[in-house]
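Engineer: Chain by chain, the residues run as shown.
Number of protein chains: 2
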Amino acid sequence: MQRTVFFISDSTGITAETIGNSILAQFEGVRFDKHRLPFIDDAAKAEAATLRIKTHYAKSGERPIVVNTMADRALCDIVAASGALMLDVFAPFIGPLEAELGTKRSGAVNRSHGLVDFDKYEARINATNYALSHDDGIDVDYAQADLILVGVSRSGKTPTCLYMALHYGVSAANYPLTDEDLEKLELPARLRPYRDRLFGLTIEPVRLAQIREQRRAGSRYATIKQCRWELEQADRLMRQAGIPSLNTTHVSIEEIASKIFASFGIERTMY
Amino acid sequence: MQRTVFFISDSTGITAETIGNSILAQFEGVRFDKHRLPFIDDAAKAEAATLRIKTHYAKSGERPIVVNTMADRALCDIVAASGALMLDVFAPFIGPLEAELGTKRSGAVNRSHGLVDFDKYEARINATNYALSHDDGIDVDYAQADLILVGVSRSGKTPTCLYMALHYGVSAANYPLTDEDLEKLELPARLRPYRDRLFGLTIEPVRLAQIREQRRAGSRYATIKQCRWELEQADRLMRQAGIPSLNTTHVSIEEIASKIFASFGIERTMY
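Same order as they appear, the protein sequences are chains F and Y. All residue numbers for the first sequence refer to the UniProt record's numbering, where the first residue is 1 and numbers rise by one. All residue numbers for the second sequence refer to the UniProt record's numbering, where the first residue is 1 and numbers rise by one.
Only chain F is shown next, with the shape it has when bound in the complex:
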């Protein structure tokens, strides 16, 4: 079974898509063909979106599903005329919140991904620059790091650092364990002062070998033997040094970041 879904928003569409994906993931037997229609903020754009949905409906014979975060009721009505199943993301929550807070919702709606707070923006950008300049041991000053990811090459440190910086403004540095560290089974001296900020990333050897093979085909670096050795030594080193760690093989970047924050008791909310 396949059904078409439109995420419609008067802004970026990120909220519609995030909640829509979460809801749809609960129907595992159905394949969803997903489309994002952002910035639908006037009648002409709503009419164009409606036409597209209607055309799809007529062609496929299946009723499309619309996940909607548009605020303007008039625009919602235009899209509803397409005959699609309308799921309005905000409607169920506004009433209870208005009652609880004793106030009506204000005009500025659905701008959560549009508004810019310069301080927060700066925190994100500064953290991103920090992650870029403290990636793979290029820069050695870890004093400013909120946390430092440790692991063998290609265990997922860089994307995790960038994600934490871009979304949470967390300054995460990144130290790739060298063959020397792994042979000695010793933390390098410059990491030792920051032991309570270290977190290890591990990965299954077969998966690591695949990733490295893509990167440097046929190299010793990509052999399963080398990967296995590095990972075993890294594991030993982390246990000896008391560094908490996470196997990233089956875990998304979002979940890795959440688990690291949970481990450090960081409750920072997203920007």
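Treat each hint with caution, since some may be false.
Because identical chains cannot be distinguished in the list, a pair is counted as satisfied if it fits within a single copy or across any two copies.
Below, simulated DSS-like cross-link-like pairs (lysine-lysine); rule was C-alpha separation at most 27 Å, straight line [as the list claims (entries may be wrong)]:
(1) Lys104 to Lys34
(2) Lys259 to Lys225
(3) Lys54 to Lys34
(4) Lys59 to Lys120
(5) Lys259 to Lys120
(6) Lys259 to Lys45
(7) Lys34 to Lys120
(8) Lys45 to Lys59
(9) Lys184 to Lys54
(10) Lys184 to Lys104
(11) Lys184 to Lys45
(12) Lys225 to Lys184
(13) Lys54 to Lys120
(14) Lys259 to Lys54
Note that these hints are calculated values from the structure, not bench results.
Mind docking chain Y on chain F? Use the hints.
Structural biologist: Chain Y only, in chain F's frame:
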């Protein structure tokens, strides 16, 4: 007025937080003190969360608000016993979808940020590596780029490229206009074959000067005069070359990315 909000999830909490922030942003007069409680997936953790919420309630005298994406009804009931206002993110949508699709939702719930699809993961990682190695004109092969951001130094190109890569698997390169380009008012030769993939970022001169001043205090690079000149020339160059552009001063990274995708007709959905 200030109210405390808990985002509770049996997984990362990203969905709860995303929709929660969108809903709360509609109540502009209220300050919300936000806490994320992820990975609440057994009774003991739910009890601990409940205790925390109750303690908060007793201390502040104000009823806390819970934005909940836990799937297990038993866990929801434990948290509801705290007396908080429970906003269940999925409940309102499951009924209508079950009716529409003629199928019950499956057991695997709320894993949208936890599941890993290796192909998609690889696309994200490869795009991130692409963005890192094609940042600020370091690497010159633009043939593989989905799109190329053009702008003066510190106009927001790098974080935007990284965001598009991490979230959408879009391979975005990044070309900083040099003084030479700006004097000649000419696109560099190596960008010309890819004119239809170029997108310009601009920014207000005062804001650019602030950002640059943070970076290199007291430099000529950070003077308002230099910023103004570069931005005027960049604007001219983009208009002459027919490159679409966006002023990023008041726009979040999420919105910049969405607008660029809309401009190119890219409807790629998030990972």
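Engineer: Of the hints stated earlier, which fail here?
Structural biologist: Hints 2, 4, 9, 10, 11, 13 contradicted; others consistent.
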